[in-house]
Structure formats: C-alpha cells, structure tokens
Amino acid sequence: MSHKEIIRKYYSKLGKFDSDIKKIENNNELHLVLNDPNKLHDFCKFLKQDFDLRLLTIICCDERKLNHGFKIRHVFGSDADDFFLFVTIFIDESHPHFPSLYDVFPSSILYEREINDMFGLIAKGNPNIKPLILHDFPNNVFPLRKDFNLNDDVKRNLKQFEFTPITGEGVCEIPVGPIHAGIIEPGHFRFSVLGETIINLETRLGYTHKGIEKLAESMSINDVVFLSERISGDESIANSVAFCQAIEKIAKLTISQKAKQIRLLFAELERIYNHFGTLGGILADVGFPYGASRLNILKEQIMQLNERLSGSRILFGVNQIGGVKISITDEMLIDIHFVLDDAFQIFEKIFDHLKSNPSVMDRLRNTGIIEKQLARDRGLVGISSRCIGIETDARQTHPYGYYPSINLKQKTLRETMEHQVELQKRIGDVLSRFMSRVDDLRQSKAIIDSITTLKDDGLSMSMNDELIPYSSGLGYAESHRGETLHWVMIGEDNSIFRYKIRTASFSNWPVIEHAVLNNIVADFPVINKSFDFSYSGNDL
Amino acid sequence: MSDFSMLDYGLGILQALLLIVLSPLIVGMMRKIKAKSQKRIGSGIFQPYYDIVKLLRKEEIVSDQSSWIFRATPWVNFVTTASAAFFIPVFLVYSPFGVVGDILLVVGLFALGRFFTMLAGLDTASSFGGLGSSREMMVSVLVEPALFMTIFVIASFYGGTNISTIVSSANDTSILIVPGILFALIAFFIIMMAETGKIPFDNPSTHLELTMIHEATMLEYSGKSLALMEWSHAIKQMILFTLFVDIFLPWNFAEQISLIGISFGIMLFIVKVSTLASFIAFIETRVAKWRLFRVSDLIAMAISSSMIGVIFFFL
Numbered sequence: 001m002s003h004k005e006i007i008r009k010y011y012s013k014l015g016k017f018d019s020d021i022k023k024i025e026n027n028n029e030l031h032l033v034l035n036d037p038n039k040l041h042d043f044c045k046f047l048k049q050d051f052d053l054r055l056l057t058i059i060c061c062d063e064r065k066l067n068h069g070f071k072i073r074h075v076f077g078s079d080a081d082d083f084f085l086f087v088t089i090f091i092d093e094s095h096p097h098f099p100s101l102y103d104v105f106p107s108s109i110l111y112e113r114e115i116n117d118m119f120g121l122i123a124k125g126n127p128n129i130k131p132l133i134l135h136d137f138p139n140n141v142f143p144l145r146k147d148f149n150l151n152d153d154v155k156r157n158l159k160q161f162e163f164t165p166i167t168g169e170g171v172c173e174i175p176v177g178p179i180h181a182g183i184i185e186p187g188h189f190r191f192s193v194l195g196e197t198i199i200n201l202e203t204r205l206g207y208t209h210k211g212i213e214k215l216a217e218s219m220s221i222n223d224v225v226f227l228s229e230r231i232s233g234d235e236s237i238a239n240s241v242a243f244c245q246a247i248e249k250i251a252k253l254t255i256s257q258k259a260k261q262i263r264l265l266f267a268e269l270e271r272i273y274n275h276f277g278t279l280g281g282i283l284a285d286v287g288f289p290y291g292a293s294r295l296n297i298l299k300e301q302i303m304q305l306n307e308r309l310s311g312s313r314i315l316f317g318v319n320q321i322g323g324v325k326i327s328i329t330d331e332m333l334i335d336i337h338f339v340l341d342d343a344f345q346i347f348e349k350i351f352d353h354l355k356s357n358p359s360v361m362d363r364l365r366n367t368g369i370i371e372k373q374l375a376r377d378r379g380l381v382g383i384s385s386r387c388i389g390i391e392t393d394a395r396q397t398h399p400y401g402y403y404p405s406i407n408l409k410q411k412t413l414r415e416t417m418e419h420q421v422e423l424q425k426r427i428g429d430v431l432s433r434f435m436s437r438v439d440d441l442r443q444s445k446a447i448i449d450s451i452t453t454l455k456d457d458g459l460s461m462s463m464n465d466e467l468i469p470y471s472s473g474l475g476y477a478e479s480h481r482g483e484t485l486h487w488v489m490i491g492e493d494n495s496i497f498r499y500k501i502r503t504a505s506f507s508n509w510p511v512i513e514h515a516v517l518n519n520i521v522a523d524f525p526v527i528n529k530s531f532d533f534s535y536s537g538n539d540l
Numbered sequence: 001m002s003d004f005s006m007l008d009y010g011l012g013i014l015q016a017l018l019l020i021v022l023s024p025l026i027v028g029m030m031r032k033i034k035a036k037s038q039k040r041i042g043s044g045i046f047q048p049y050y051d052i053v054k055l056l057r058k059e060e061i062v063s064d065q066s067s068w069i070f071r072a073t074p075w076v077n078f079v080t081t082a083s084a085a086f087f088i089p090v091f092l093v094y095s096p097f098g099v100v101g102d103i104l105l106v107v108g109l110f111a112l113g114r115f116f117t118m119l120a121g122l123d124t125a126s127s128f129g130g131l132g133s134s135r136e137m138m139v140s141v142l143v144e145p146a147l148f149m150t151i152f153v154i155a156s157f158y159g160g161t162n163i164s165t166i167v168s169s170a171n172d173t174s175i176l177i178v179p180g181i182l183f184a185l186i187a188f189f190i191i192m193m194a195e196t197g198k199i200p201f202d203n204p205s206t207h208l209e210l211t212m213i214h215e216a217t218m219l220e221y222s223g224k225s226l227a228l229m230e231w232s233h234a235i236k237q238m239i240l241f242t243l244f245v246d247i248f249l250p251w252n253f254a255e256q257i258s259l260i261g262i263s264f265g266i267m268l269f270i271v272k273v274s275t276l277a278s279f280i281a282f283i284e285t286r287v288a289k290w291r292l293f294r295v296s297d298l299i300a301m302a303i304s305s306s307m308i309g310v311i312f313f314f315l
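Same order as they appear, the protein sequences are chains A and B.
Under my numbering, the first residue of the first sequence is numbered 1, with each subsequent residue one higher.
Under my numbering, the first residue of the second sequence is numbered 1, with each subsequent residue one higher.
It is worth saying that the hints were derived from the structure and are not from the lab.
Treat the hints loosely; a few may be bogus.
One-sided excerpt, in silico: chain A residues whose CB lies under 8 Å from chain B [as the list claims (entries may be wrong)]:
(1) Gly170
(2) Pro175
(3) Val176
(4) Asp285
(5) Gly287
(6) Ser293
(7) Arg294
(8) Phe316
(9) Asp362
(10) Ala446
(11) Leu517
(12) Ile520
(13) Phe524
Label-pair restraints from in silico Cβ distances [stated by the list, open to error]:
(14) Thr164(A) - Ser63(B): 25 to 33 Å
(15) Leu413(A) - Phe293(B): 37 to 45 Å
(16) Ala72(B) - Asp103(A): 28 to 36 Å
Below, in silico cross-link-like pairs of lysine-lysine (DSBU-like), each with a Cα-Cα straight-line distance of 30 Å or less [what the hints assert, rightly or not]:
(17) Lys32(B) - Lys355(A)
(18) Lys48(A) - Lys130(A)
(19) Lys299(A) - Lys258(A)
(20) Lys39(B) - Lys355(A)
(21) Lys32(B) - Lys349(A)
(22) Lys22(A) - Lys4(A)
Nothing here was measured: the structure is a model prediction, and the numbers come from that model.
A virtual CB, placed ideally from N, CA and C, is assigned to each residue, including glycine.
Okay, chain A solo, but in the shape it has when bound (with noise of 0.2 Å):
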C-alpha cells in the first residue's frame, strides 16, 4: 500500500469525529486538528481503541507568533502500517491547561510532565506533575518558550527533590547517585528497601540537562547535525539520521541510494559495537569479567573499524543533509566484511561457552522482569520491548532509507519455527534481553551481509535554497536502543522553529522503577545494564 491509500483508509474510519477535525497530509504522516480540546480524551480513547495506536510523543510548540497559542501534537504510531497520526489542540496563553490522557495512555505522564517543565502548561488530571528534568528552575521560567531567550541567567533555585516517602517497619532508603563509581553518568536512585528486597525505586534525572531542544533553534540547519550527533555519543548516527531525514522530508529531497547504503552500513555498525559492549556490561556486572573482556575486545575492533572508515571511533561527522560526507569505497567494504566475520565467529564461540555456563545464566534468568501490559502501556520501543515479545522495529514498521531495499535470506520453516519457540521463552527478564540483543546482533551482520556492491551514484545532494516557513516533518531511525523520533519545525530563513527529539531512552527509562520491584539491591546493577539506557539521551 502506498502512503495514500493508508492515509485514506484510517481516515476514512475516523468519520464518526469527523465534523470537528482538519486534515493536513503530509507524506506518511496524517495531521488532524480538533478544535475543541476536551474532545481529546474521547478521541483518543476511540483511537486506542478502534485502531490499536500507541502513543509515541507530545509535541508542544510555542506558535504565539503565529497567532496560534501554543499548540501541542499527540503523535501516534501504528505497529501494522507505516503511518504516523498526529492530533493537534490548540492552548490559548490565558488558559495554560490541557486534557491529560493518563488514563487511555499511561505513557502520557511523562510527556506532560516535560511539557510542565519547559512550557508551563499544566495537564488536568495528571496524578503525577513533579518537575521531570528541570529540578532547578524557578517557578515562572519556561525555557522553550519563544520569549525566553538563550543567553537568559536563570536564577537556579535549589529545592529539595520530594521522593514518595515510603514507611513501615524495617523499611530502609537507600540513596545512590547522582555520582556513581566507575565512568557512567549521573542519575540519582532512591530505593526503599526491605531487607535486601527492593519495595520501590524512585528516578531522578536531568543531571546532563544541555538545553538541546532550545539550543537548536538558534543554530542553522547543518549544524544542527552535529548537534543531533551529540544528543547521546553512542547513538550519533540514529539520532543524526533521523534529523537529516526529517529535513530531507520537509524538503522533498530524495537521497542517492549509495549515501543511504552509507548510512544503513554505519548505523548497523554502530549497533553492533554497542550491542558487544552491553552484553559485556551484563558479564561484568554480574562477575564474570572472563566473558566480559572478551566481549570487550569485538567492541573495540568494530571501533577501530568505525576510526579507519570515518576518522570517528563513534561515527561523528558521517552525515550531512542531503546525504553523507564520508565515502566508503569497494575496498573499504571488503575491510568491514572481513573484520565483521571475525568479530562474528569469536563471538558464537564466546556465545555458546556463555550458555553452556550455569552460573551465568542462573544470575540472568528470572532477574528484572517486566511484563507486557506495563511494556505496552509505558509504550517501550527497542530490546525493551522485544524482550517481552513485542515486536517494535521502526525499521520494519516504518522502513526507511535503504531498509527497503534490503533482501535477507529466506529462513526455512525449521528455523522460523524455532525462532518462535525462542520467542516463547522470552519472559522479559535480563535473559530475555541479552538474547534479543544476540538477535540484533545476528541480524545487523545479516543486513551488511547483505549489501554486497556499493552503487555509484554520487554521496549528497544539495538541498533547495529555501524551505517553506513553517512546515514540519517526522524523521525516525532505529537506534540500538530503541525507535527514535526527531520532529522539526522550519522557521524564516531556514531557521529552526522547534526541534523536538524523543530518543528510546526518554520513553523507557520508567520502565526500571517496575523491573526492579520485588529483586534484590545486588541484582540492580544488572537489571539497569541489560537495558542500557543512556542518561544523556534522556536528560537532552
């Protein structure tokens, strides 16, 4: 189905709200605007249920200079097709509230809570309306507000963070962070405990706060790449993929395959050197450094790879809009193959002594569960939730650049099978996730496995002079973490209006106050390595 028709088909379902909703298309993307925000709610609810949406992100916009309030954008995704919905309300500045939708999607919170923070705007019936990055800030600044102005000093105003009290007999609160032993970033965990029994976990982020969103607006639009590369080092390509292919959208410009078979190599490369560093972490932190090291080691042959191919050990500088800047030549291919197959054999044999070894597994399985309403409901992406069996992949639900045009090997019958015995034990444990990385890690070397000849058809391309005004697109990429959305507005000049970036690590990070619940303080460390989130990319 091509993009249209899947537009017409969910549009014409929503007949029955129909008489307060415009409609704006827009590639894959459909927009629709209700008029009355109390209507929110309801629609929601119908589009949760009826068409099986999730939430994906909030999107609030400072459109006062355009006569328009602020507006904010509930963007929806479906797992079935390629299609983004996105709801627009309208919030007049004397009014600052909008419905909250915590009870139809429980992921909801979170993004209110953000908007809270950098806009002022209250959601009516959020339970939970804490500052969520900005703990400091005084009361009345609202820095993504247009008449907030970058070079502003704010007057930091220390408060004490409230973490729910818990209280009973015998039970302990156990503060750890901001700053942790070892080389990780800050993040502040207050668990309670009983005994050894962890009965609650509360997060406190926001340490690494660099102002990302805000700090966009004020730059041009190529270097607002760089920018996007050091939303979180250990993702650049993801996340600088993602916002080139959202300006390429606004502009209608369709890239060379070869600079997207370009990018496709690097970004796989780049899962794959992180998926070998995390189950390396898993090892360490579970004590066993033999496995650990070795694991170590194909990460750093596949950075030493990424260095030889861009100069970069973590890929900065690849892309530009357009297309990519560094070329990779036949040789280099041949270079990525064979260092690939290497890393690839070492590992199934360390694999398999891995499986073979009763210790290790004893200390996976069964650790850090979570379970898939609570993985639906927070709207997990990436291993998150592939560890409990959902499949959500933005490269196949949303296949973007050169994903399309990739063809795998068909498995035979006997391996589908198995694989669906495989995903039957995945019970959303560590276990489950160090295996789903496995898989990843499998299928990223299929994929380069795969492009076997480079096509010749030129690395970037230049991009129009100007872009409309105003106009907005949805750029996405799979990181190894997760789906990661980088929507962007235009302003005059080929300004940036408003860059909003929602990373996999911002929607999961929840997910570990659950996954901890009713494990021991010891298996913490683990059960926070197996998910891997990144503080920086969470914080912006």
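Chain A is fixed; fit chain B onto it per the hints.
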C-alpha cells in the same frame, strides 16, 4: 612444653613474618593470573606492595560523623590477623607459639576483626556500609557453623585442635586419602573461598557499590587505614591458604632444625601456596558471582560435606 629454645622462637617469628610479608605477593599473583585470563596485561605481581606504600604516604580523610570504632578498626584488623599468623606452622612442623592457642583462637581472632569491620561499616552511616555489614553478617553467620564442623572433623582425625598437633600428625600420616579428611577438604575449600571473598561469593574487583560484600564495609577508608585494611585482608587470605596446605598437603615439613630442611621447607611452602592460589584464581575466572541469596546453598554444601566427614570418623 617450655622446651623451646631461643632459636625455636626466632624461627617461629620468622614463620609469622614470612606470612605477613609474602601475603601481598599472593594477592598480586592472583590478580596477574586473572588479568591474563581476561587477555589483559595486568599490573605487576608486586603492585600490592606499591599500593600499600602509596597509601601509607597518602592523606587520610575520616568522616566527622564517625566514632572511635571507625579509627580503631584497621588496627584491630591488622593486629588480629598478624597475631593469628604466629600460630601457623609454615616450614617447621610446629609453631613455638602454639602453646598459647589453637585453631579455635585463630578463628576467634578472625571473628573479632570481622566484628569490628562490620561495626565500622555501620559507624559511618553511609548507605553502602550498612548494606555491606548486613551482607557480611549473613555470610559469616552461615560460614561459622560450617567452619566449626570442619575443624571438628580435622581435630577428631588428628587428635586435637592445636595446629602444631594437627600438622605433625598429618605429616606423619602416610596415606592422606581418608574419606573423612577428603570431605573436610571440600568443606574447608568452600569456607576458604567465602572467607576470603572470592568470586562465587563476592567480587572484590567490582566498582559497583550495590553488589559488594566485604568492600562495601571499607568504602570509607583512605590512606593509612585503607593500607592496613587491605594488608590485613591479604594476611588473612594467606593464613587460610597456609592452613589449607598445612592440613591437607602436609608433606616435607622440617622436623628438625637444619639449614637444608628449612630452606627446602620454605621453597616447598611457596610452591604449594602459589599452586593453590593459581587454582583459586582459575576457578574465579570460570564462574560468575552467584546470586546473593544462593550463597547459602554453597555453604550448605560445606556443612553437609563436613557432616559426612564426621560420620566417616565414627564408622
């Protein structure tokens, strides 16, 4: 028993000093083996000595929330382990200080040190210290019955709890393959791994405060105190290794004082202890740390194994 000459006492002191001085070397050696197994070069085997010297020179920071217990603990630990070293025969078949105390005293000295370590963990009121103390208490509560049961088996077979008696009768026994002793060996080995914080029980090289057992209780130490804590931990490990080889591999001790006998004894001792240390380091690379609450299963194995030893003695 006062028929020991000055030379005996001199050699007794030499034995204790050997344990105290060589203990960091064993730590360094085990680290090197583990590094090699992880395809790392690792630091040199003398690194623990350099660490101790470095720490002794460093400034010490003590939390002003802590009491005298925190400051006294490193000394208590060092003194208890160092004095326990005096009861252990190393190259002679006896220790001249054995008249003062037996193996139960050694266990008691360790318990005293551990008791103070746990108090110090609680004393600073840091969240990890408390966590570490409670875990350390759990492990020691489980280990102690197993340890006493094992000592009981060994004492029954070798006719006494005095270490010199045990070692000399073990040395005289021509056949060591007695089922009871074999079961005691299994039990003692597991206990040794637990007491020294080896990998199925505890991961001493981790940086994750939340998973630590022994390390968590000494997180707050710095400078000289840390040096003493680390050193006394190394001595404790050395004593346990030496006890193991004394009881279960007791060949070729010097029974009379002669230069050849003693130098041969020292050489053999070093070979035996380093073989044991390598073996333990090897085990550590092959298994992951066990789930905290599964540790009791291993210790239950030690208890049942020593029980079987008791049964074999009375058969």
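Out of the numbered hints, which ones does the structure contradict? Violated hints (numbers, rising): 1, 8, 10, 11, 16; every other hint is consistent with the structure.
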